Amino acid sequence: ELDASFSEALQTRLVEATTASWEFWFGLLAMYRDESGHSNVPTNHKAEGIFKLGSWVSRQRSFYENLSLDRIKRLDALGFIWDPHTALWEAGFKKLQEFSDSEGHCKVPSTHRADDGYKLGSWVISIRGKKENLPIDRVQSLDSLGFIWDLLSNQWEEIFSRLRQYKEREGHCRVSANHKTNDGVRLGNWVVYQRTHKDDLPLDLFKRLDALEFIWDARGDQWEKALIKLQAFKDKEGH
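Take the sequence shown: its position 133, counted from the start at 1, is 133 in the working numbering, and no numbers get skipped.
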């Protein structure tokens with residue numbers, strides 16, 4: 001009977017200690033929220049440089065099923081982040097939406113930061129690298145904004161459209177090496193690069209350039225045109 005009483009008293013003390021401890025950590029979290037404006041505590045964060053608040057927050061997430069409804073509600077009232085991965089996604093997507101609304105596109109420079117310091121460029125790079133593992137609804141959400149998954153492919157398409165405009169205007173694709181478009185695109189350099197790397201081009205890109213009567217051999221083309229001029233001269237002058 002004495003042992004039973006002792007055991008019951010010990011259990012009561014443990015419950016009281018645990019409760020007191022939880023209240024202590026909850027208080028630290030409330031202070032953190034008041035100071036930072038959110039409850040998304042980094043895993044390695046230490047309150048006052050001593051108390052491992054980040055670890056405590058992680059434990060609350062892990063033991064969600066065992067938390068009382070009252071504690072869950074109190075944590076919710078602080079804006080507690082139960083799923084940090086979803087929170088990171090939502091924060092980045094919101095910033096991308098704001099960028100798209102402001103700039104009219106999703107071509108975010110890799111070093112770009114939002115006005116509040118958020119590293120949107122870094123977030124965009126990380127999302128590109130995770131495409132194969134992203135849920136389909138997130139891929140669709142990004143697609144709806146015109147997200148650029150492949151920067152190199154997008155750049156090729158944009159400059160190819162400039163070449164097509166040049167052809168429509170000039171009637172040929174003999175772009176000089178130093179030619180720039182009105183908006184500063186170095187079309188001449190791009191044309192030279194396509195010639196130089198002709199053998200490395202995917203077949204579909206090669207065919208699309210061919211369909212524009214792209215000049216693959218600039219010197220050969222010049223020689224042929226000069227020969228035509230010479231032939232015309234001979235026909236006219238007889239020598």
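Since the hints were made in silico from the structure, they are not lab data. All figures in this text were calculated on a predicted structure; none of them were measured in a lab. The beta-carbon is built from N, C-alpha and C at its ideal position, and this holds for glycine as well. Some clues are possibly wrong.
Result set (PhoX-like, lysine-lysine): computed pairs, CA atoms no more than 20 Å apart in a straight line [what the hints assert, rightly or not]:
id: 1; residue 1: Lys207; residue 2: Lys225
id: 2; residue 1: Lys131; residue 2: Lys107
id: 3; residue 1: Lys131; residue 2: Lys119
id: 4; residue 1: Lys180; residue 2: Lys167
id: 5; residue 1: Lys46; residue 2: Lys73
id: 6; residue 1: Lys73; residue 2: Lys94
id: 7; residue 1: Lys130; residue 2: Lys167
Label pairs and their calculated CB-CB ranges [stated by the list, open to error]:
id: 8; residue 1: Glu237; residue 2: Asp217; range: 51 to 61 Å
id: 9; residue 1: Ser62; residue 2: Glu90; range: 13 to 23 Å
id: 10; residue 1: Glu168; residue 2: Asp83; range: 25 to 35 Å
id: 11; residue 1: Glu132; residue 2: Thr181; range: 17 to 27 Å
id: 12; residue 1: Tyr64; residue 2: Asp34; range: 16 to 26 Å
id: 13; residue 1: Asn44; residue 2: Glu90; range: 14 to 24 Å
id: 14; residue 1: Gln231; residue 2: Lys167; range: 37 to 47 Å
id: 15; residue 1: Leu152; residue 2: His172; range: 36 to 46 Å
id: 16; residue 1: Ala177; residue 2: Gln231; range: 34 to 44 Å
id: 17; residue 1: Leu69; residue 2: Pro42; range: 46 to 56 Å
id: 18; residue 1: Glu23; residue 2: His105; range: 24 to 34 Å
id: 19; residue 1: Asp34; residue 2: Leu88; range: 37 to 47 Å
Do the hints match the structure? See the list:
no. : hint                        : result
1   : Lys207 x Lys225             : violated, 23 Å
2   : Lys131 x Lys107             : holds, 16 Å
3   : Lys131 x Lys119             : holds, 19 Å
4   : Lys180 x Lys167             : holds, 14 Å
5   : Lys46 x Lys73               : violated, 24 Å
6   : Lys73 x Lys94               : violated, 26 Å
7   : Lys130 x Lys167             : violated, 38 Å
8   : Glu237 x Asp217: 51 to 61 Å : violated, 29 Å
9   : Ser62 x Glu90: 13 to 23 Å   : holds, 21 Å
10  : Glu168 x Asp83: 25 to 35 Å  : violated, 52 Å
11  : Glu132 x Thr181: 17 to 27 Å : violated, 35 Å
12  : Tyr64 x Asp34: 16 to 26 Å   : holds, 24 Å
13  : Asn44 x Glu90: 14 to 24 Å   : holds, 22 Å
14  : Gln231 x Lys167: 37 to 47 Å : violated, 26 Å
15  : Leu152 x His172: 36 to 46 Å : violated, 27 Å
16  : Ala177 x Gln231: 34 to 44 Å : violated, 27 Å
17  : Leu69 x Pro42: 46 to 56 Å   : violated, 27 Å
18  : Glu23 x His105: 24 to 34 Å  : violated, 50 Å
19  : Asp34 x Leu88: 37 to 47 Å   : violated, 22 Å
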